[in-house]
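Asker: Next come the chains, spelled out residue by residue.
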Amino acid sequence: MVASGNRVLELDGITKSFGGVRAVDGASFHVDGGEVVCLLGDNGAGKSTLVKIITGVHTPDSGQMSINGELIKRWNPARARDAGVQTVFQDRSLAGRQTVARNIFMGRELTTRFGLIDDKRQEAEAEALLRGVGFTSKALSARSEVLNLSGGERQGIAIARAMHFAARLLILDEPTESMSLTQIRLTLGFTRAARDRGIAVLLISHNIADAYAVGDRFLVLDRGRVLETFHKSEISEGELVRFMEHANADSAGTGSRTTSERQTTQESSA
Amino acid sequence: MMATTRFAKAPAPAEPARRGPGGRQFFRTHRELTSAATFFVAMLGVFALANPGVWLRGDIFAAVATTMPQLMILSVALVFVVALGEIDLSFPSIITLGSLVFASAATAGIQPSVAVLLALLAGLGAGLLNGVLVAYLGLSSFVTTLGMNFFWAGLINILSNGSGKPLQFMSGTAEFNAFVGTVFGIPVQLFWGLAAAAIGGLLFSKHKFGAYVRFAGDNREAAAQLAVPVRAIKVASFSYVGLSAGLVGVIVTLVNVNFYPNVGAGLLLPALAGVFVGGTPMFGGVGTIAGAAIGAITISFINVGIITSGLSGFWTDFVYGIVIVLSLGVHRIAERFSFRPRTGRNKREPAAVTPAA
Ligand SMILES: Nc1ncnc2c1ncn2[C@@H]1O[C@H](COP(=O)(O)OP(=O)(O)OP(=O)(O)O)[C@@H](O)[C@H]1O
Ligand SMILES: [Mg+2]
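Chains as they are written, first to last, in the numbering used here: chain A, 1 to 270; chain B, 1 to 357.
Errors might be hidden in some of the hints.
Pairwise CB distance ranges, derived in the manner of DEER restraints [what the hints assert, rightly or not]:
hint	chain 1	residue 1	chain 2	residue 2	range
1	B	Ala62	A	Arg79	54 to 64 Å
2	A	Arg192	B	Ile199	40 to 50 Å
3	A	Gly115	B	Phe283	22 to 32 Å
Quick caveat, the hints were computed from the structure, so don't treat them as lab data.
The structure displayed is predicted, hence computed values, not measured ones.
Note that beta-carbon positions come from the ideal geometry of N, C-alpha and C, so glycine has one too.
Let the hints inform the model, and build the full structure from the sequences given.
Answerer: This is the structure in structure tokens:
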């Protein structure tokens, strides 16, 4: 168990624009080892863009980022991986015509003495991993082509991969979207287990119930900036749901909200 | 560390890996190869029906073995580029470039083995240039390599004044014997072709390089997210084709004991046909080196088949066309067939890999 106060991720004023669209606009927050931080926000709020910045897929236009206490200078997916960051991207990052095992070990192949890929070992481990996660079904084997699997099975593979390799930071972008109740329960269980091992978890979900079930802190992202932060002790699930409903309704309207408005929301819902 | 340790709490019903029976599993994982081989045997069967006796003669096979390896070397390398979802149309001119470099160096009195090395380097360099243009400038590989094919062909014409170089003095040298001599009546280049196929096959199916090529050709974004060095892989693949074209340049020059300023041009369509007849599809992510080798052999037998069947040379292109289109049909059928016995599922999921955001 890692002691708390161990800062795994820290973002300060991160900004990213695509052409005229300001997807992330001065976002600042942090995630410590051993906590689950939920990033909530409307469609297009910039959640997935933040994920891609943290994982080195996108370079931010400005702002600073530290991982494991080190200020990031040049960042890319390989460095993020080597720093112990593992991610379930919203699009799941699976190659459909490759086998399940090849997908799980992509970029971290198990090799033989001669430097060739040890498919036997990869398949055995992938098989064990899938059984361990409990995402089993008749059609799912380590040698299946991903293209032939169901949406839930594919999601299970992406989650198993990230859970297996995550060492410091686990990022889950909509992990439970379109999952069965059993699968959701398993996924949330693994999320807690990762936190209990001291891993920092950043969870993105539109399902407030799922997020509230595992989250320790909740960040509300609105048009690319962090609008509010709640500790679990500060807010009930119902209040969080209502806050999100208001936030979504507001961001469809005009300007930004103030702290006093936030309190009104909380009071009215209390 | 075993994968299960991270999930110690989860239920783990011990269940053995599900595999089909050996033969079916082989067919499923090697379906392009199987259908390419089936097609080749069927084609030989047709030719044999047309003129049974001639196929018992060894000289037929020796004739094929003289020119087939060049196609095989090219088709094998091209699989990497095609599996990446790209194409290379510049290799014919790179072959000629290699040939020119080799012939010029050898005639200038440079040691032949050094001349070979220079030709290989020229091919590698031209391929590297393709790769950099495509991967780092984001240019379309179809247009870029089409342009480079003209560029090198033009440059070669300018440098050589459009005239050839005789190289009869190379005949019988150690280098000549190493590339185009004969061992027990078998043309040596056959061994080069088979070695290229073996190395290519190992790289493609068992090495990280091939795994990255396929993954990046399958889903480029996912590859980038998983830290696959997509650009470097592209550069390496085009360089590989360039190097192979350089090698073919040396071999054709020694076969002809002459440099011709358009020697590579005739190989464009047969080498590409070898890739596709072999079962590698255009859409990327999938490919087969063994299939490409069989594809190159299939293409090489067409000429011989036509002659032995008593048809005139005018039939050649016609038969090429039939072979290419028919073989695609065979692969298509094999693909559909191979999905049917899959464990209890009849339908192939129509959805794309990535659910909509
Ligand atoms: N590569 C890109 N090019 C151009 N615009 C982009 C790109 N990626 C994201 N955007 C834009 O940036 C904004 C934020 O997108 P992002 O995917 O981060 O939203 P999100 O919060 O993840 O939404 P959702 O909940 O729907 O997944 C959107 O307006 C989107 O259109
Ligand atoms: Mg998103």
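Asker: It remains to establish, for every hint, whether it holds in the given structure.
Answerer: Now for the hints, and whether the structure bears them out:
1. Ala62/B / Arg79/A: 54 to 64 Å: holds (55 Å)
2. Arg192/A / Ile199/B: 40 to 50 Å: holds (49 Å)
3. Gly115/A / Phe283/B: 22 to 32 Å: Between Gly115/A and Phe283/B, where Cβ atoms are some 29 Å apart, the hint holds.
When each numbered hint is compared with the structure, no violation occurs for any of them.
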